[in-house]
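These protein sequences, in sequence, are chains R and U. Taking my numbering, the leading residue of the first sequence gets 1087, the next gets one more, and so forth. Taking my numbering, the leading residue of the second sequence gets 82, the next gets one more, and so forth.
Calculated from the structure, these hints are not laboratory results. Hints are not guaranteed to be accurate.
Claimed, not checked - Here are the simulated SDA-like cross-link-like pairs (lysine to any residue), alpha carbons at most 20 Å apart as the crow flies: (1) Lys-94/U to Arg-144/U; (2) Lys-1185/R to Gln-135/U; (3) Lys-1185/R to Asn-137/U; (4) Lys-1185/R to Lys-94/U; (5) Lys-1185/R to Ser-160/U; (6) Lys-94/U to Glu-156/U; (7) Lys-1146/R to Ala-1136/R; (8) Lys-1138/R to Gly-181/U; (9) Lys-1142/R to Tyr-1111/R; (10) Lys-1185/R to Gln-98/U; (11) Lys-1185/R to Gly-123/U; (12) Lys-1154/R to Gly-1095/R; (13) Lys-1185/R to Ser-132/U; (14) Lys-1185/R to Asp-179/U.
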Amino acid sequence: GNSVTQMEGPVTLSEEAFLTINCTYTATGYPSLFWYVQYPGEGLQLLLKATKADDKGSNKGFEATYRKETTSFHLEKGSVQVSDSAVYFCALSRRGYNKLIFGAGTRLAVHP
Amino acid sequence: KAGVTQTPRYLIKTRGQQVTLSCSPISGHRSVSWYQQTPGQGLQFLFEYFSETQRNKGNFPGRFSGRQFSNSRSEMNVSTLELGDSALYLCASRAPRDSGNTIYFGEGSWLTVV
């Protein structure tokens, strides 16, 4: 079946540190891949997406590249800020389907 | 452009009661889906509606139901509430294919069952 696996958190970093959150997926066909972010007490916000192999999604300094050969979509940011503290969800959707399949989420805490 | 709007934001219900949650999608979006978020199970898909028709359903008991109106607004209903139904219920609307097909979420309705 289709599934998403994320690295377990929490991830604790100092401000300006480099961030990587690993995400791998299992899916039939060629899914679209997403990163969503959830700030405390809020809903989900789309952070970035990629719809085909080798696509790079980017937004607000975050980047992720759709790697078909390793079935991965790792999230990276060169220099995190305290305001990036949130829970990050990797997700996929199969082509033609509007259902999102989410990973368990990774909590990021950034300290000054 | 207004985002996905969900009401109510917070509510407390008693076991055995029923609850109705409402969702107004982004203008122009015809597809609405619902998700349940709990600490134990994470984010799970409930169902999806498009043009007033349910197109996809997750693995939830029949106590969970939904509908969509002609203006694309959607409601979900949970009958005979159980303690385990306490969760954040998220509504999402999908942009049309020619606008990127992206799924946008509302801020959710926090349901507590006591």
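query: Straight-line Cα separation of Lys-1185/R and Asn-137/U no greater than 20 Å?
result: Distance of about 8 Å is within 20 Å: holds.
Quiz item: Keeping to a limit of 20 Å between CA atoms, is the pair of Lys-1138/R and Gly-181/U held or broken?
Solution: 13 Å, holds
Check your understanding: Quick one, are Lys-1154/R and Gly-1095/R close enough, alpha carbons at most 20 Å?
Key -> Not satisfied, since the Cα-Cα distance of roughly 24 Å exceeds 20 Å.
- [ ] Verify the proposed pairing of Lys-94/U with Glu-156/U, using a straight-line Cα cut of 20 Å.
- [x] 17 Å, holds
Task: Lys-1185/R paired with Ser-132/U [C-alpha distance capped at 20 Å] - done: 16 Å, holds
| message | For a C-alpha distance cap of 20 Å, please report whether Lys-1185/R and Gln-98/U respect it. | response | Status violated; Cα separation ~28 Å.
**Report entry** Given pair status - Ser-160/U, Lys-1185/R, alpha carbons within 20 Å
**Finding:** Given that 20 Å is the threshold and the Cα spacing comes to 23 Å, the pair is violated.
ask   = Is the hinted pair Lys-1185/R and Asp-179/U satisfied, with a Cα-Cα distance of at most 20 Å?
value = With Cα atoms ~18 Å apart, Lys-1185/R and Asp-179/U stay inside 20 Å; holds.
Discussion item. What's the verdict on Lys-1146/R and Ala-1136/R, does the C-alpha distance respect the 20 Å limit or exceed it?
Written reply: 15 Å, holds
*Taken at face value, is the distance from the CA of Lys-94/U to the CA of Lys-1185/R at most 20 Å?*
Between Lys-1185/R and Lys-94/U the Cα gap is close to 28 Å, so the pair fails against 20 Å, i.e. violated.
Practice task
Verify the proposed pairing of Lys-94/U with Arg-144/U, using a straight-line Cα cut of 20 Å.
Solution key: 15 Å, holds
- Item | Hint consistency between Lys-1185/R and Gly-123/U [alpha-carbon to alpha-carbon, up to 20 Å] | 15 Å, holds
Checked against the numbered hints above, the structure breaks hints 4, 5, 10 and 12 and satisfies the rest.
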